[in-house]
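Colleague: Sequence:
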Amino acid sequence: MEANNRGTGRLPAAFLTPGSSSFMDFLGAHSPEMLPGNRKLPEGVVEAPHGTTIVAATFPGGVVLAGDRRATMGNMIAQRDIEKVFPADEYSAVGIAGTAGLAVEMVKLFQLELEHFEKVEGTTLSLEGKANRLSTMIRSNLGMAMQGLAVVPLFAGYDEAKEKGRIFSYDVTGGRSEEHGYAATGSGSIFARGSMKKLFRPDLTEEQATTLVVQALYDAADDDSATGGPDLYRHIYPIVTVITDEGFRRLTDEESQELARAVTNRRLEQPDGPRAALL
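Just so you know, we're using our numbering here: the sequence shown kicks off at 1 and counts up by one.
Just to be clear, a hint being listed does not mean it is correct.
[Unchecked claim] DSS-like, lysine-lysine: derived pairs with alpha carbons at most 30 Å apart:
(1) K119 <-> K108
(2) K164 <-> K119
(3) K108 <-> K162
(4) K162 <-> K119
(5) K197 <-> K162
(6) K197 <-> K164
(7) K164 <-> K108
[What the hints assert, rightly or not] For each label pair, taking beta carbons as the anchor points, the in silico distance ranges come out as:
(8) N75 <-> T173: 21 to 31 Å
(9) A276 <-> S20: 44 to 54 Å
(10) E83 <-> D222: 19 to 29 Å
(11) A48 <-> E118: 27 to 37 Å
Derived from the structure by calculation, the hints contain no laboratory data. Note that the structure is predicted; figures quoted are calculated from it, not measured. The beta carbon of each residue, even a glycine, is placed where N, CA and C say it ideally should be.
Produce the complete structure using the sequences and hints provided.
Modeller: Encoded structure:
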């Protein structure tokens, strides 16, 4: 995409050629080697840090998306304070599980894709449109996924048309499914889903929904060594975000600390967590 007239200060011709509103299409047409799925991999096994558990839950008026802070390489803790939940735009967010480096790069490209579309079209994509764009990006990473470098995010946002929070999960091929009520992805997802299955209610308040996802992450960390629970000694707490009709909001460090300590203190009395009614 270099311009022959660089010295003139003009934009390269690629930027002046009419095309689609997709930044990925633009990049694929003019610099395909820059797309993540087109990178050449070295031969042999690649050990890369992996993000682990992401959870989400809806409540009337919005959705909560949260993630633990641990990244692992095999049986080793690679990082204790990695960030896995990012805003996609004003009304949506992405939580990453899988190969951390590729996942973060995909999120940045996704953010740019949504921003590029809005600038070109003069309007934002619908929430389903955003979910479909992310599905296409995951599918483009299939070659790397088949070599063990998979990216499996969780996408959540507030649907302004339907006036409610929605959650979308994916598989490594880019297959998209809408989840109802709650969802989880990553190595500890089976334990997190089991926790939320017993505690979720459709009429949760925002505060209860944030407590629910932290309880689920705690249960996941209790049974999955790749998931990190609240680290009270290092002051490392889960990242919790809320998306409503007012937009994306990440809980402050103080709010996350208060929430995590409340859950942890309660676990001193009930190590296995809150009990659900039998009937």
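Colleague: Indicate, hint by hint, whether the structure satisfies it.
Modeller: Hints and how they fare:
no., hint, result
1, K119 <-> K108, "holds (17 Å)"
2, K164 <-> K119, "holds (25 Å)"
3, K108 <-> K162, "holds (27 Å)"
4, K162 <-> K119, "holds (24 Å)"
5, K197 <-> K162, "holds (24 Å)"
6, K197 <-> K164, "holds (20 Å)"
7, K164 <-> K108, "holds (25 Å)"
8, N75 <-> T173: 21 to 31 Å, "holds (28 Å)"
9, A276 <-> S20: 44 to 54 Å, "holds (49 Å)"
10, E83 <-> D222: 19 to 29 Å, "holds (22 Å)"
11, A48 <-> E118: 27 to 37 Å, "holds (32 Å)"
In summary, this structure violates none of the numbered hints.
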